[in-house]
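Hints are included, so try docking the two chains, each in its own frame, into the full complex.
Protein chains in written order, with full-length UniProt numbering: chain P, 1 to 315; chain S, 1 to 200.
None of these hints come from the bench; they were simulated from the model. Beta carbons: idealized from backbone N, C-alpha and C, even for Gly. Among these hints, one or two may not hold up.
Unchecked claim - In silico SDA-like pairs for lysine to any residue, Cα to Cα no more than 20 Å straight-line:
1. P:Lys111 <-> S:Glu126
2. P:Lys111 <-> S:Glu117
3. P:Lys111 <-> S:Ala120
4. P:Lys111 <-> S:Gln180
5. P:Lys111 <-> P:Gln135
6. S:Lys146 <-> S:Gln180
7. S:Lys69 <-> S:Pro80
8. S:Lys91 <-> S:Ala137
Stated by the list, open to error - Facing chain S, from chain P, some residues (calculated, C-beta under 8 Å):
9. Arg110
10. Gly181
11. Gly212
12. Ala213
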Amino acid sequence: MSARMLRVAAVEPLTPLVTRFRFEDPEDRRLPLFSGGAHVVVEMPDADLLRRNAYSLISDPFDGSGYEIAVRREDTGRGGSRFMHTQVSAGDLLRVSEPVNLFALDLRARKHVMIAGGIGITPFLSQLKQLSRLQVPYELHYAARSRAEAAGLRLLNGAAHVHVHISEEGNRMDIGAILSGQPLGTHVYTCGPEGLIAGVEDAAARLGWPQGALHSEAFLSPPPGKPFEVTLARSGTTLTVGPHQSLLEAAEAAGVEIPWSCRGGACGQCESAVLDCHGRIEHNDHWLGEEDRNAQTKIMPCVSRFQGETLIIDR
Amino acid sequence: MPRIDFSPSIKTRPVYAALQSRGAAPALMLAEAEGAEALIELADADAAVMDRAHVIYIPGGSGHGARLKALAPKMYHESPSFDACLERYRKALGDAQMGTQLYLAGGEGALGRAMSEALAAGMPVEAIQTEHRGSIARRMQCVHCKGVTEGVTTDPFTCAHCGLTLFVRDHFSRRLGAFQGVCVDAETPGVVPAAQEIRP
Ligand code: FES
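Looking at chain S on its own, in the form it has when it is part of the complex (with noise of 0.2 Å):
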């Protein structure tokens, strides 16, 4: 799956540049569906990225589990979903130490998510790279109620929690790894803008 120019926006939001190779340092890499690509690009420009990397994959219906896993790198392991491999992403984090390169590849959700548990693990920034393959869907997070919504293609959408209706804004939280969400008819209770796909 080719790579998604999204549209340039506020500073918060966050984008997303081609991993990087660190070298042979020890290395935690999490992909989600078509981030698998990424991974394996990453691995064609240098192979010694994978010596001593733990890989977590999360197929999501793509089939590329084979090709990573052929990598060969130091432990692979795939799960269903990223709430099955969150106790093992979490251990892995915790048993990170300064020097460990983060490398995160996947849709916008799956990389919320997964940069937001990394950085509550004391992760610094600076060794997290993101590259975006696959889905634009957001995770948002209502400011009103804090509930997040997963998975959100449409805006406004509907907060799966209080259910307002909410506007998507590119306003970007890195702590919570999602993106805010507006109520879209406060002023004018019931105005509500018909609801669109959302773009790169």
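Bound conformation, chain P alone (with noise of 0.2 Å):
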């Protein structure tokens, strides 16, 4: 995945819980554009460990001049949030990825519907400044537990067609009722906690939407579980991956690359072949399908873990 040094250009708390980080190139040069939804991936020096953690760009896609994220601190999570919220300030150099997009906007739509939950606003931020050039019909349907979780607030600057639920006001959001009597072409696209996808597909399934118009994106980051071995066939070299680490980052840790792209069980670059399972994978993807997953012969290393005797990976 091709990379380059940044500079932090600048470092703004949005609500307690969220900031927003802006990078630019140390020389002022332009940054390859993107399309509304993409994300990069900041790599992060923490002691002796390298994190790397996706975030979705909120900034304008047709602005070259820097990349804008915001990261919300999640105090349980792996330490990633809390790195960038406690170690990073402006002026600061840090290695971000070019842009990729698993979360574009279908153009055929003749509306797109967004629903977000929580900093699941984040990747709508890039899309909404795309759909407001290409003057297509949109509604945003944003909600937060409080206003002070609802950081997407501040960085809305009142756009139009935004609906905000914010469930403390008990004003919650009526997933049925959004996806009632929208026109032929509607494409809805959901972020958020996995809960409300699973919503959002229901409904859209109860009413009749086809599959085709449905769109989701998970952030998934991975989740910590029970340190566990696991054996690199080529490369020859057995690991532990710690309760906090996923199966990619001991492998990075340990010299050994593998492909990836989202590092979130997303994308299908990481998918590596399993020679040999005695115990049980534990399946935190998005990519593979029930029979791969059943037949225990494929794993995802950027999410997925492992329970049992023994593990090994064509790696």
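See below:
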């Protein structure tokens, strides 16, 4: 994955939990443009650990003067967001990958309906900028627990067609009502917790929406778990994956490169063949189908874990 | 009229399965001639499919109107030709919403036209079902002058717009709802194979 060193140009807290970071080229060169919904992977050298986290770009896709992301501090998470919040300040240099988009707008749509839960607002911020240029009808529904959680409010700047649902204020989002009565050619995009995505899929199925009109992005970070051992057959090493580490990160720490792109179980890049498995793979990805999961012949090292005797993969 | 088995062809050539009920969802149904039988079978399998259905029927000389109407769809309309019901069909598509199901049945030309109108209105492909009944006459677009000739039954045929002799290809445009006709004697002007009846 190609990446470049970028300078942190600004750090701005949006809410007590969410901070905006702006990156620019150290020599003020233009950065590659992207499309709404794209993300970058930020490398964080944290002591002897190299973390890489994916963040949706929230800035204007047509503005190459910088990239902006919004990071929510997850105190119970694996430390990436805490690193961003506590160790990074303006002027620092960080390696940032080129933008990749796994959540692009379907430009054939007649209308775009976007549904965001909490920090899931981020990919929509760049999509909104793209949509306002395209002059295509859209509506955005943004649900958050409280106003303090709703970091996006500061970034939406009164954009049109935005509906805010704050559950603490008793204004809950009614997914069925949102999906009813939409004109032909509408596509719906959901980003947020798994429960929200499942809720939209259920309501859409009930109302007879075809699968092809539904898009979603779950912000998966590698879930922690019990440590486990894995043998990388081609490299001839056996390593232990720590409780707050992913298999991918453990392999990287041991100097073994596994191709990756999203690091969140969505893109399929890191798919690895399982050569031997005595135990149970915890498939945490959105990539493998039911059959592959059950057969335990493939694993996605960026998010999936293992429990049992032996796991040997073809890396 | 029995169903016709089309011979296997290139991927682009539409294949028509039997209509399957998607329940009592809002539905728009358009049947041409023998296509009425497909709607009748559909309702026999699941009567609820008619609960919220708007049926448009183009008899074209066949007399299934009374039986169709007896299925008690929410709305029923008969029209002497596709052109005559086009405004109604377009209005119904314009009023349709995500979740509306489209059922089409009839000859190849009517299916193509109805499909193309629906896609132009934004109907998702997955919401459209087509069942072939009746005529295998094709709607052909001349790739040279872009004119569309309806009801083509021979190969080659003469373009009704520019007069070129066109070879009937299986290459289909979903957007236009038409097969592609390509000049048959471009390399050897005047050397034209004898016209044959097109086969399924
Ligand atoms: S890196 Fe994308 S699925 Fe693992």
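To see whether the hints hold, each was checked on the structure:
A C-alpha spacing of about 17 Å is found between Lys111 (chain P) and Glu126 (chain S), which places the hinted pair at or below 20 Å, so the restraint holds. The straight-line distance between the Cα atoms of Lys111 (chain P) and Glu117 (chain S) is roughly 18 Å, inside the 20 Å bound, and the hint therefore holds. At most 20 Å may separate the alpha-carbon atoms for a hinted pair to count; Lys111 (chain P) and Ala120 (chain S) meet this at roughly 14 Å. Taken as a hint, the Lys111 (chain P) and Gln180 (chain S) pair is broken in the structure, with Cα atoms around 31 Å apart against an allowance of 20 Å.
Distance check on the hinted pair: Lys111 (chain P) and Gln135 (chain P) sit about 10 Å apart at the alpha-carbon level, within 20 Å; holds. Restraint check: the Cα-Cα separation between Lys146 (chain S) and Gln180 (chain S) comes to about 9 Å, which is no more than 20 Å; the hinted pair holds. A threshold of 20 Å between alpha carbons decides the hint, and for Lys69 (chain S) with Pro80 (chain S) the separation of about 16 Å falls inside it, so the pair holds. The suggested pairing of Lys91 (chain S) with Ala137 (chain S) is violated, with an alpha-carbon distance near 27 Å, which exceeds 20 Å.
The closest approach between the C-beta of Arg110 (chain P) and any C-beta of chain S is roughly 4 Å, which is under the 8 Å cut-off, so the hint is satisfied. Here the hint on Gly181 (chain P) is kept, as its CB sits about 5 Å from the closest CB of chain S, short of 8 Å. This hint holds: Gly212 (chain P) has a C-beta 6 Å from the nearest C-beta of chain S, less than the 8 Å allowed. About 6 Å separates the beta-carbon of Ala213 (chain P) from the nearest beta-carbon of chain S, less than 8 Å, and the hint is met.
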